[in-house]
Amino acid sequence: MSLAPSTDRETSPVNAPHPAPPRPGACARTLARLACTALLAFGAASAQSAEADLRERLAACAACHGERGEGVAGSTYYPHLAGKPAGYLVEQLQAFRDGRRHYWQMVWLTQYMDDAYIAEIAAYYAAQPPHTQAADVGAPALPAAVRERAEQLVHHGDAQAGVPACTACHGAALTGLEPAVPALVGLPQDYIVSQIGSWRDGTRRSKTPDCMARIAAALSPADIRIVAQYLSHQSPGAHDRPAAPGSLMPPLTCGDLPHAQVTP
Amino acid sequence: MIRRIALWSVLIALPLLLLGAAIGGVLLLRQGGLAPYRLPAGTAAAPAAGDAAEGAYLARIGNCLTCHTVRGGVAFAGGRPFRTDYGTLYSTNLTPDPNTGLGDWSVEAFRHAMRHGVSRHGVLYPAFPYANFAHLTDADLDALFAYLRTLPPVEALPPPNDLQWPASWRGALVGWRMLHYRPAPLPPAPADAPPGWLRGRYLVDGLGHCAMCHGTRGAQGSLPTEGYLAGGRIPGQGWYAPPLDARQLARYDVDQLADYLVTGNGEHGAAYGSMAEVVYTSLRHLRADDARAMATYLKSVPPHGGDEKPDAGRFLYAAAQPAANPHNGGRLYQDHCASCHGDSGEGRGHDYPPLRGAVSVTAPDPVNAVRLVLYGGMPPTTAGNPRPHSMPPFAGRLGNAEIAAIVTHIRRNWGEQDRPVSAADVAAYYGIRGD
Numbered sequence: 001m002s003l004a005p006s007t008d009r010e011t012s013p014v015n016a017p018h019p020a021p022p023r024p025g026a027c028a029r030t031l032a033r034l035a036c037t038a039l040l041a042f043g044a045a046s047a048q049s050a051e052a053d054l055r056e057r058l059a060a061c062a063a064c065h066g067e068r069g070e071g072v073a074g075s076t077y078y079p080h081l082a083g084k085p086a087g088y089l090v091e092q093l094q095a096f097r098d099g100r101r102h103y104w105q106m107v108w109l110t111q112y113m114d115d116a117y118i119a120e121i122a123a124y125y126a127a128q129p130p131h132t133q134a135a136d137v138g139a140p141a142l143p144a145a146v147r148e149r150a151e152q153l154v155h156h157g158d159a160q161a162g163v164p165a166c167t168a169c170h171g172a173a174l175t176g177l178e179p180a181v182p183a184l185v186g187l188p189q190d191y192i193v194s195q196i197g198s199w200r201d202g203t204r205r206s207k208t209p210d211c212m213a214r215i216a217a218a219l220s221p222a223d224i225r226i227v228a229q230y231l232s233h234q235s236p237g238a239h240d241r242p243a244a245p246g247s248l249m250p251p252l253t254c255g256d257l258p259h260a261q262v263t264p
Numbered sequence: 265m266i267r268r269i270a271l272w273s274v275l276i277a278l279p280l281l282l283l284g285a286a287i288g289g290v291l292l293l294r295q296g297g298l299a300p301y302r303l304p305a306g307t308a309a310a311p312a313a314g315d316a317a318e319g320a321y322l323a324r325i326g327n328c329l330t331c332h333t334v335r336g337g338v339a340f341a342g343g344r345p346f347r348t349d350y351g352t353l354y355s356t357n358l359t360p361d362p363n364t365g366l367g368d369w370s371v372e373a374f375r376h377a378m379r380h381g382v383s384r385h386g387v388l389y390p391a392f393p394y395a396n397f398a399h400l401t402d403a404d405l406d407a408l409f410a411y412l413r414t415l416p417p418v419e420a421l422p423p424p425n426d427l428q429w430p431a432s433w434r435g436a437l438v439g440w441r442m443l444h445y446r447p448a449p450l451p452p453a454p455a456d457a458p459p460g461w462l463r464g465r466y467l468v469d470g471l472g473h474c475a476m477c478h479g480t481r482g483a484q485g486s487l488p489t490e491g492y493l494a495g496g497r498i499p500g501q502g503w504y505a506p507p508l509d510a511r512q513l514a515r516y517d518v519d520q521l522a523d524y525l526v527t528g529n530g531e532h533g534a535a536y537g538s539m540a541e542v543v544y545t546s547l548r549h550l551r552a553d554d555a556r557a558m559a560t561y562l563k564s565v566p567p568h569g570g571d572e573k574p575d576a577g578r579f580l581y582a583a584a585q586p587a588a589n590p591h592n593g594g595r596l597y598q599d600h601c602a603s604c605h606g607d608s609g610e611g612r613g614h615d616y617p618p619l620r621g622a623v624s625v626t627a628p629d630p631v632n633a634v635r636l637v638l639y640g641g642m643p644p645t646t647a648g649n650p651r652p653h654s655m656p657p658f659a660g661r662l663g664n665a666e667i668a669a670i671v672t673h674i675r676r677n678w679g680e681q682d683r684p685v686s687a688a689d690v691a692a693y694y695g696i697r698g699d
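So the sequences go chain by chain: A and B.
For the first sequence, position 160 (counting from the first letter as 1) is numbered 160 according to our numbering, and the numbering increases by one without interruption.
For the second sequence, position 131 (counting from the first letter as 1) is numbered 395 according to our numbering, and the numbering increases by one without interruption.
It is possible that some hints are incorrect.
In silico lysine to any residue, SDA-like type, Cα no more than 20 angstroms apart, as pairs [as the list claims (entries may be wrong)]:
| id | chain 1 | residue 1 | chain 2 | residue 2 |
| --- | --- | --- | --- | --- |
| 1 | A | Lys207 | B | Val338 |
| 2 | A | Lys207 | B | Gln598 |
| 3 | A | Lys207 | A | Val90 |
| 4 | A | Lys207 | A | Ala86 |
| 5 | A | Lys207 | B | Gly336 |
| 6 | A | Lys207 | A | Pro251 |
| 7 | A | Lys207 | A | Asp98 |
| 8 | A | Lys207 | A | Ala218 |
| 9 | A | Lys207 | A | Met106 |
| 10 | A | Lys207 | A | Val107 |
| 11 | A | Lys207 | A | Tyr103 |
| 12 | A | Lys207 | A | Pro245 |
| 13 | A | Lys207 | B | Ala339 |
| 14 | A | Lys207 | A | Gln234 |
| 15 | A | Lys207 | B | Thr364 |
Simulated DEER-style distance windows between Cβ atoms [claimed, not checked]:
| id | chain 1 | residue 1 | chain 2 | residue 2 | range |
| --- | --- | --- | --- | --- | --- |
| 16 | A | Trp104 | B | Leu282 | 50 to 58 angstroms |
| 17 | B | Glu680 | A | Pro140 | 22 to 30 angstroms |
| 18 | B | Thr307 | A | Trp104 | 44 to 52 angstroms |
| 19 | A | Trp104 | B | Pro459 | 14 to 22 angstroms |
| 20 | B | Ala448 | A | Leu54 | 46 to 54 angstroms |
| 21 | B | Ala688 | A | Ala172 | 52 to 60 angstroms |
| 22 | A | Arg214 | B | Gln501 | 34 to 42 angstroms |
| 23 | A | Asp114 | B | Glu680 | 53 to 61 angstroms |
| 24 | A | Gly202 | B | Gly297 | 48 to 56 angstroms |
| 25 | B | Arg335 | A | Leu252 | 24 to 32 angstroms |
To be clear, the hints were calculated from the coordinates, so they are not data collected in a lab.
Keep in mind the model is a prediction, meaning the values are calculated, not measured.
The beta-carbon is built from N, C-alpha and C at its ideal position, and this holds for glycine as well.
Using the sequences and the hints given, assemble the complete structure.
Next up, the structure:
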């Protein structure tokens, strides 16, 4: 009998005497409040841990694009992903996988990836704060003539060459347009030049009708450099989200602009 | 005088010619005689009698898709390039288009091409695994053909092959077959073969044609019997495929191995490189009993090379005597690798593979380890591993000498591979070559 552990258990902290229980009504209210707070905290914590879990899985992406897709300081090429429309990011991951884009490091990482994981990854980066540093923010100011020509192209286009304004599709603030047009600010100059060049030689393709391929073909090499220089000097603000879907009507019918396909 | 020379010439030449003819005759017999070159009669009009639904599954497991589809192209329409030591080959269109595909093929012609590697286009290049498909049953061949007939016809002619002479001449393939092709039926199953063994061998040696990558290649790209599943560098792929046998697979029990085939992942590591592609396009669709059968057979393959350690010398290292590496591989490992792979290379469950005993670490050929460190990896998404953990690329972040130091450290400590990897070796494996 002396070996019975009952005394030990009674004095253990687990079974330490409780304070006197509150009255039943108070108990219900307190419990509800506690449960509610706990649930909220749990929900937030699990959303947070789910995000942390995905972030850990995407270590390969972080190497060039940053942990939250914010870009890597000092990078002269890799684009940021944070805050870009999810539809755009899905389309790009599929393009690497399916042969519409050919940057081999990206093909290497996406080639055996199914649509479900692609959608989850895209949603993660789309939800991140779009605050990025333009790679060339510290660069010296552009000469006045260059700046003038760039602003003309970006805000008004070149009707004679058949080039619409960048802002017509990418938004007045160039922060993109939901669900599938990316921001043009906060990108390194070399990346922009390289993409326009890829559209020109067919190594980057968008869904048909491929508007950007047409625009890239219509731009002169000098204008490409000027626009890229100008854009790479622009940095988005911390809260500059892409424009809401349908908030502007692009002048073109493009494969990546489903809502614009009704325009004549 | 002239007459005497002529007489002696004939006396010498005639036996030589006869000897040559005799040897040629024997070699011709050993590659199957003349039967492979006699194409069967048959009409395309005959309806495909096979079980198309079963054929769809068999086409998946035979992985026709991977070779017969170009990245981003229409499934089965061909055109994927294969770079070999003899030039570039392009896969053919398997859709039932009458002009550019199999639209006007008879089932007899299909069976013959699958089994003998000869069609009306001539002798097929041995990149097409007819030596494996020769083991398929009539029912399975007919099912495959019936399935291919259900595909939407696509008019697509692959680019012409770009091969050096004499490989560019299909007639030369008869000579290649005389030297290197020895068709033989699979031997009967041993009396004590466990359940599923026979089906497993059928899938491994027949439909799955595993030895195309996992065999040791001999002269002129051949697959000699002694290299059966003995491992080696995969032609044109830039990856090393390990041997498949009881010793190499000792880490796995049958269920774990079956699970790896279907999910491309497990506690012993994830599929990468060419195997990731095979899992993604093919093996993830394996029926559970077939996966178990393959695992059962693979674990029964007798170990290769007795007790010797595989010979690292047969793989080319860029530097015969690498200069002393100025970097401390152990410290670099701690800084860049240990957070995922563990302080002692133990890995972390199904998330991060252990390095201790991993193929890339124990293999005589360091190419897999180097390329994984250079370019990272993302295992295939499968039902069993829908959200894989990735490995970051280190190219551009670490120098060649640093990468060499890490790989040498890992392989020495956890792979018993003493041969150091040099910065020049790393440089030699640079570059991702796409299709």
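Exercise. Keeping to a limit of 20 angstroms between CA atoms, is the pair of A/Lys207 and B/Val338 held or broken?
Worked result: 16 angstroms, holds
Problem set entry | Distance restraint evaluation - A/Trp104, B/Leu282, Cβ atoms, bounds 50 to 58 angstroms | 56 angstroms, holds
Problem set entry | 20 angstroms Cα cutoff - pair A/Lys207, A/Gln234 | Between A/Lys207 and A/Gln234 the Cα gap is close to 28 angstroms, so the pair fails against 20 angstroms, i.e. violated.
Problem set entry | Holds or violated: A/Lys207 to A/Val90, with C-alpha atoms at most 20 angstroms apart | The given pair, whose Cα atoms are some 12 angstroms apart, holds under the 20 angstroms limit.
Exercise. When you take the CB atoms of B/Thr307 and A/Trp104, is the distance between them in 44 to 52 angstroms?
Worked result: 46 angstroms, holds
Exercise. A/Lys207 and B/Ala339: Cα distance at most 20 angstroms?
Worked result: 19 angstroms, holds
Exercise. Does the hinted range 48 to 56 angstroms hold for A/Gly202 and B/Gly297 at CB?
Worked result: 50 angstroms, holds
For this session: Assess, step by step, whether the Cα of A/Lys207 is no farther than 20 angstroms from the Cα of A/Val107, and give holds or violated.
Result: 18 angstroms, holds
For this session: Indicate whether the distance between the beta carbons of B/Ala448 and A/Leu54 respects the range 46 to 54 angstroms.
Result: 52 angstroms, holds
Exercise. Are A/Lys207 and A/Pro245 close enough, with their CA atoms no more than 20 angstroms apart?
Worked result: At roughly 19 angstroms apart (the allowed maximum being 20 angstroms), A/Pro245 and A/Lys207 satisfy the hint.
Exercise. Keeping to a limit of 20 angstroms between CA atoms, is the pair of A/Lys207 and A/Ala218 held or broken?
Worked result: 18 angstroms, holds
For this session: Decide if the proposed pair is consistent with the structure: A/Lys207 and A/Asp98, CA atoms, cutoff 20 angstroms inclusive.
Result: 12 angstroms, holds
Hint check: violations occur at hints 2, 14, 15, 17, 19, 23; the rest are consistent with the structure.
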